[in-house]
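Participant: With the hints as your guide, set chain B onto chain A.
Here the protein sequences line up with chains A and B, keeping their order. Residue 1275 is where the first sequence starts when you use our numbering, and the numbers rise one by one after that. Residue 634 is where the second sequence starts when you use our numbering, and the numbers rise one by one after that.
Source of the hints: derived by calculation from the structure; they are not laboratory data. All figures in this text were calculated on a predicted structure; none of them were measured in a lab. Hints are supplied without guarantee of correctness; some may be wrong.
[To be verified] From the structure, some residues in chain B lie toward chain A, with a derived Cβ separation under 10 Å: (1) Pro645; (2) Val648; (3) Arg658; (4) Leu679.
Even glycine gets a Cβ: it sits at the ideal position worked out from N, Cα and C.
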Amino acid sequence: MANLKVIRKRIGTIESIKQVTRAMKLVAAAKLRRAQINMEQARPYAGRIHGVLNHLLPDIDRTTHDLLTMRPARQKAFIIITSDRGLCGSFNTNILRQAESIIMAAGKENSKLICIGRKGYEYFGKRGYDVVDHYADFWNELNFSHATQMARAVTSRYLSGEFDDVRVIFNEFKNVAQQKIAEYHYLPLVLEDDAEVVDTDYLFEPSKDEVVKSLVPRHLNIQMWRFLLESNAAEQAARMTSMEAATNNAGDLIDRLRLEYNKARQAAITTEILEVVSGAEALVE
Amino acid sequence: MAGQFHLEIITPTKVYDEGEVDYVRAPGADGAFGILAGHTESIMALAIGEIKVVKGSVEKTYASAKGFAEITKNGVQLLVESAEPKGGIDLNRAQKAYDRAKEHLNRKKDEMEDELRALRALERSMNRLKVAEKK
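Just chain A, same shape as in the assembly:
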């Protein structure tokens, strides 16, 4: 029967889709583990730098450091971190939608974009935004030098006066099931108050100013590194959950089709028996 054959074929197709999604889920889980280890290892360094900077900044004249001085924000820049690849649920859609509304609020003409990850570049590049820089194809071999390279590029553009205010929009890793879109004020440097408090009276060598001058770029590098790690972990977590859901859906679909298949088979057999019986009865009469 044609119907039986069709159903059998569909079951086969879904079976192989299920295998693919399950494999993708396992790969994402492994990558997530690595990303979490990276995040764990970056934490002590980031925490200390943040703590010391926090301790120093109240005593420093902000206007003597270009990266600390507030300027009237005429040109704004947004760094948007997305993934290179899809199949990770609403990971990219959510951040792109939110980024777009933030940029709209700031004024599209006064905004320059730096896209990290191919998805963001494709999205904003097509829609006539001013994308001044983009990075892609590095997520697989992500390392600290990527972060320093990006931080340095942004800083030099900022110092040349290309823009006066830099925000980073990225997916923050909350837990495996949750990502939160976060907006962070990258430049000029402002610190939140949640850093560890350092109340030691330090001696500074060569001088307080020199230490700040060398500390600020270090801080920007590690912050960029943190954004990349957070986004990477969030991406893998999103992919893992959505592939898990896809695998489950495929399983449900297979169950349903199998039921349908059995019913169709049973119906076919019944019809055949009916034909035989009625044929035999016709002969008797």
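Facilitator: Here is chain B on its own, set in the frame of chain A:
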């Protein structure tokens, strides 16, 4: 003996916990300096260079990039953007980075930013090679 203190070398990707040590020499921005137990609490900017750790009769060396040293009553933390123990330096990679930076410098003289970057890369790779080859 002046006693020992706790030393950690912290990078963005790894923490080297050295435990209790006797002496550290670090590459300060204004020249190398040594730290013994009981040092004044201070924060010092570090340049690219070599960190030497002395623990009893054992000596260890690291090739390190920029960062700073934080000295407190509880111990010393060296926060640097990269640190590689002497035996763990990838000579091949350092040599390649050295050659690349050299070539870059010879070719491009026009762009300031590029030149600065190449210079810094050159400095880092030279430091790795120097530390690795030292006895």
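Participant: Now, for every hint given, state plainly whether the structure supports it.
Facilitator: Hints, verified against the model:
Here the hint on Pro645(B) is kept, as its CB sits about 5 Å from the closest CB of chain A, short of 10 Å. The criterion of a C-beta within 10 Å of any C-beta in chain A is met by Val648(B), whose closest approach is roughly 6 Å, and the hint holds. Taking 10 Å as the C-beta cut-off, the interface hint given for Arg658(B) is violated, the closest approach to chain A being about 14 Å. For Leu679(B), the shortest C-beta to C-beta distance to chain A is roughly 8 Å, which falls under 10 Å, so the interface hint holds.
When each numbered hint is compared with the structure, a violation occurs for hint 3 only.
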